[in-house]
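Visitor: For the sequence shown, counting from 1, position 99 maps to 99 in this note's numbering; every step adds exactly one.
It is possible that some hints are incorrect.
Distance ranges between label pairs, derived from CB positions [unchecked claim]: (1) Gly27 x Thr104: 21 to 27 Å; (2) Val157 x Gln13: 17 to 23 Å; (3) Asp82 x Ser62: 24 to 30 Å; (4) His3 x Asn83: 42 to 48 Å; (5) Pro201 x Gly84: 24 to 30 Å; (6) Pro201 x Tyr86: 33 to 39 Å; (7) Gly84 x Val157: 31 to 37 Å; (8) Leu194 x Asn11: 30 to 36 Å.
Keep in mind the hints are simulated off the structure, nothing from the lab.
Each residue gets a CB set at the ideal place from its N, CA and C atoms; glycine is no exception.
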Amino acid sequence: MAHLISIHPKNPQQRLILQVAEIVRQGGIIVYPTDTTYGLGCAISNRKGVERIMWIKQLATSHQLSVLVSDLSDIARLARVDNGTYRLLRKLLPGPYTFILDATREVPKSMLPKRKTIGLRIPDHPICLALLQACGEPLLSTSMRFPGETDILSDPVEIHSRTDHLVDAVIDGGILPAAPSTVVDLTGPAPVVLREGAGDPGVFV
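All chains should be built: construct the whole structure from the sequences, respecting the hints.
Guide: Shown next, in the form of structure tokens:
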């Protein structure tokens, strides 16, 4: 059975953050709040966890999964970032954007589709940022939406009831909006918006 752990969304209790981080370090998969939607995730080094998430979401092995990090130094470690890209990331992150970048060899092979790119985010959410820092490594992130359904689940109590036998913990950080991040491809000569979401796509026009 999954633990349902209520954490204050603005002032997260450190002992509860550490409790969830230990679940992650032990190989667990969790549902946690971000600045956009609830995410389903695990540590990026957790190969079996990645496989469990792919099974829960019924995703193809070629599907690109997003990764959440706590600061720009993590992005620079996992992706190739030139000076212009770095300035753009510094301007917009933390925030509701996922940026597609060319991956470095630091990214576990289990995270990469055939195309060697990675989707990276720095979420603007106290719980999520505290959890990333406590875990000590980036977290996989995919929105909490079940296969065949169009709606992203935003109520942690409902999420817990529907995932109780599938995940190891659900963080209750309150009801969230159901708007995913805006996805932007930065691997070409100019930014390309692949999905419009919570982040304003107009900044790339």
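Visitor: Next, verify each hint and record whether it holds.
Guide: Hints and how they fare:
For the hinted restraint 21 to 27 Å between Gly27 and Thr104, the CB-CB distance of approximately 24 Å keeps it satisfied. At roughly 19 Å, the beta carbons of Val157 and Gln13 sit within the given window of 17 to 23 Å. At roughly 27 Å, the beta carbons of Asp82 and Ser62 sit within the given window of 24 to 30 Å. Between His3 and Asn83, the C-beta spacing of about 44 Å keeps the proposed range 42 to 48 Å intact.
At roughly 19 Å, the beta carbons of Pro201 and Gly84 sit outside the given window of 24 to 30 Å. For Pro201 and Tyr86, the Cβ-Cβ distance of about 20 Å falls outside the hinted range of 33 to 39 Å, so the restraint is violated. A hinted range of 31 to 37 Å is violated for the C-beta pair Gly84 and Val157, which are about 44 Å apart. For the pair Leu194 and Asn11, the beta carbons lie near 35 Å from each other, so the given range of 30 to 36 Å is met.
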